[in-house]
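Enquirer: As a plain string of letters, each chain reads:
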Amino acid sequence: MSERSRVLPASASEETDVCIIVEGCYPYVSGGVSAWIDWLIRSQPKTRFSVVALWPRPMKTPPRYAHPPNLVYLDHLYLQQFGAAPGSAGLPSAEIESAGQALTAFLTQGGTVELQNVMKEISHLKKHQSLSRLFNSPAAWQLAQDMYRREMPNGSFLHYFWAWRALLGGLLSILEFPLPKARVYHTISTGYAGLLAARARIQSGRPALLTEHGIYTNERRIELLMADWVIDTIDKGHGLDDPRIDLRDMWIRAFEAYARTCYETATDIVSLYSDNQRPQKMLGASSEKLRVIANGIDLERFKGIARASPTQRPTMALVGRVVPIKDVKTYIEAANLLKATVPDLRAWVMGPTDEDPEYYAECRALVADLALEDTVIFTGPVNVVDYLGQVHVMVLTSLSESQPLVILEAGAAGIPFVSTDVGSCREIIDGPPDERPHLGQGGTVTHLADAGEIAAAAHDLLTDHDKRRKAGDALRTRVAAHYTSQKASAAYSELYARLTSAESVGAPQLERG
Amino acid sequence: MNPLQKTSVAPKSAQQIPSLSGREAFAAAFAVAAEGLVGLAALTADGPLLWPVVLHFVVTAITAAILFVGRQSAYDPTVSSLIVLVILVSGPVGALASLVALAFLDHAGAGPDVLEAWYTRLAGSAHSDPPTELSDRVIAGRVMASKAPPPVSYEEVIASGTLGQCQAALGLMARRFHTDYTPALEAALRSREPVVRVQAAAVVSRVRMNLKSRIKQLTSPRARTSAQRVAAAAELARLSGCAFVDRADAARCREAAADALGVALATSRDVHAQAAQANRETARVIERHLLSNARHRDFRVSRRIHTLVVDRRLRLRLTARQAAP
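Respectively, the protein sequence lines represent chains A and B. Residue numbers are given in this note's numbering: position 167 of the first sequence equals residue 167, and the series is strictly consecutive. Residue numbers are given in this note's numbering: position 312 of the second sequence equals residue 825, and the series is strictly consecutive.
Careful: at least some of the hints might be erroneous.
To be verified - Across the chosen pairs, the derived CB separations fall in these ranges: (1) Gly380(A) to Asp642(B): 56 to 64 Å; (2) Ser659(B) to Gly452(A): 41 to 49 Å; (3) Trp141(A) to Pro644(B): 30 to 38 Å.
Claimed, not checked - Covered by chain B, according to a simulated footprint, are these stretches of chain A (three or more residues, beta-carbon under 8 Å): (4) 228–238; (5) 360–369.
If you're looking for bench data, these hints aren't it; they were derived computationally from the structure. All figures in this text were calculated on a predicted structure; none of them were measured in a lab. For each residue, glycine too, the CB sits at the ideal point set by N, CA and C.
Work the whole structure out from these sequences, hints included.
Expert: Structural data, given as structure tokens:
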């Protein structure tokens, strides 16, 4: 059973305007999505929020964010704590079969109807015994066998059983959690958080809003396809289309099913950039629900920054943590190539170096190996605003990003950008597909891990002053037009106002797609 | 069908009572005789019944001593306890019933060792022999599908496969990376499909990390045979040319490969021995090393030996094929 801990004065029965459902971040992890949630709550001071934070088990660290005054209720749902002391309940085989059928359909396909069926079956089972006792009873063992035969008959039962327990434990804890009352349920991802929002939508009839920063299902799929902890119990060799279901497929299908259910039940689906809408549509999100609300920055912070003049030492900068995902080594290789044509080059790396000391040491060794000690300089964590006035070109060599704020900050200061083709970088630098009139290129987008291409792009912008100025202007105009925090805040105000209006909060009309 | 039966077949005798030693039979026979005498004494004697009762307890105690004293700690006391209880309650009749019951029990039942081996196999904590394992996998349908289409080139998959195929291929590349996959992975990094690019980037990140630790492992100083040194040198030479190994590591690989070969091929005799065992890739590494060190004679010998070995294998294979019906 999920442990509850009410942190703030309001109670679950007290209705709030918006209930944010979030998995694995706010308020215990700083930065990223947590910072965004903190910003969202503070940017809507007249809206009363509650938060349900999903974690595998209770967190031992204190919250990283002070509670905003309009956050009136915070609750926790622990996914891996389901199950009471073992019980001896058995169930009639017809009920086991019916529950197994509903659960298998839901975990393999997902969907509103399938979730409703599961909720119905679960309520029948609860008549015999509480779910948490039933989860550790002979009836659960029978259910596991039934679902194994339906779902993964060729795989190893032993491995299936433990995966099944983890999956079902999570699912049941979502279905058992006492829902806080709210006018709108706002989930920040699909997965388990999305599942809770879907349940809230079905049960309460209130609108469910989904904002996806990355694509949760894709992230899980990548993680599962590469994971060594998931054992391959069926030898598929190098075959890519083997229809036999193994553990990896089982997990992936479950997360896709959760996402499909969340997309189907959500009233509105928001992403940070339009590229992310494709995978959402592939999992059944209908086009009319989709919209983009980009993250924004406060332009005022960058207002007085003068651009670096052509007479200043040619400087490029990478702002980010020195970690492998930022591919700082490719940046150093690019600096090395660039130094042949821009001998006086200065290449700053601005960001914390203590997260992965081994990688940082390797970067330092590479710098020494290439004799770039006077060129590549690690500043450590700094206030970027203090440095932007000396930077001609900003560079991002990341292997993965969502919507990096650093491009917006550079744009606000009129500095052109060279970035790898990840996340929304292309949309910010080249402009969104529907930009009318087109504001021009704000820099160059390159392939990933290609030092030569990055060096060539940076060389163009460093040596062609006119091109650099024009690209900087285009990026500045685009950031001011699309990427301000005021604009993002207004978009959410409008969305919440629409969703909390009397018609939206009325009787639910759930349809597929 | 019970799913457990799919993964492992229980020994035939596993459901039978564990084997009994001769002690149980002896104890029961003793009890029958002794209790019989006590019974007779009770029926024929005129005195009080106290003495037969005391004697009955004494017989029961002696039977228990026969059954329990000097047993090992792993001994299963179920049957012995039942015998003692039955005799205690029913006297001579119980003793006789125990003796009859023991005659029906299967004395050839599976011993604790057999059962333990079965349990550990079921629990997955012990290795079963390869034929059993293969048989289990065939029964459960877990072996590679014999009718599956042949594997496709990953480069082709990345260029023209479906999104699902690209993702599955990238997953396989991540889990079983080989430097031959480099072009496919580079193509995935340049894919027009953002989902593929993102996954390829994650794979590259992991591959880089794995290659780094593999290089560290291969270059760490530790005792190796000459054959192991040559094999390590061949792998290091291959890794030094991989696009996902950074410059410093590539240089380290080349240096370590040269060192390993220098030690493993110090004399012409070493060259002969290693060339005879080398596969094509290793043979090339050996030849490159000999050429770069101007050991032309050894180079010629190495090539000849390797060709002879390959040729002989070829001949053997041909002979085997011709001999086949």
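Enquirer: Against this structure, judge whether each hint is valid.
Expert: Here is what the structure says about each hint:
1. Gly380(A) to Asp642(B): 56 to 64 Å: Cβ of Gly380(A) to Cβ of Asp642(B): about 59 Å, so the range 56 to 64 Å holds.
2. Ser659(B) to Gly452(A): 41 to 49 Å: holds (46 Å)
3. Trp141(A) to Pro644(B): 30 to 38 Å: holds (31 Å)
4. 228–238: holds (count 7)
5. 360–369: holds (count 4)
Checked against the numbered hints above, the structure breaks none of them.
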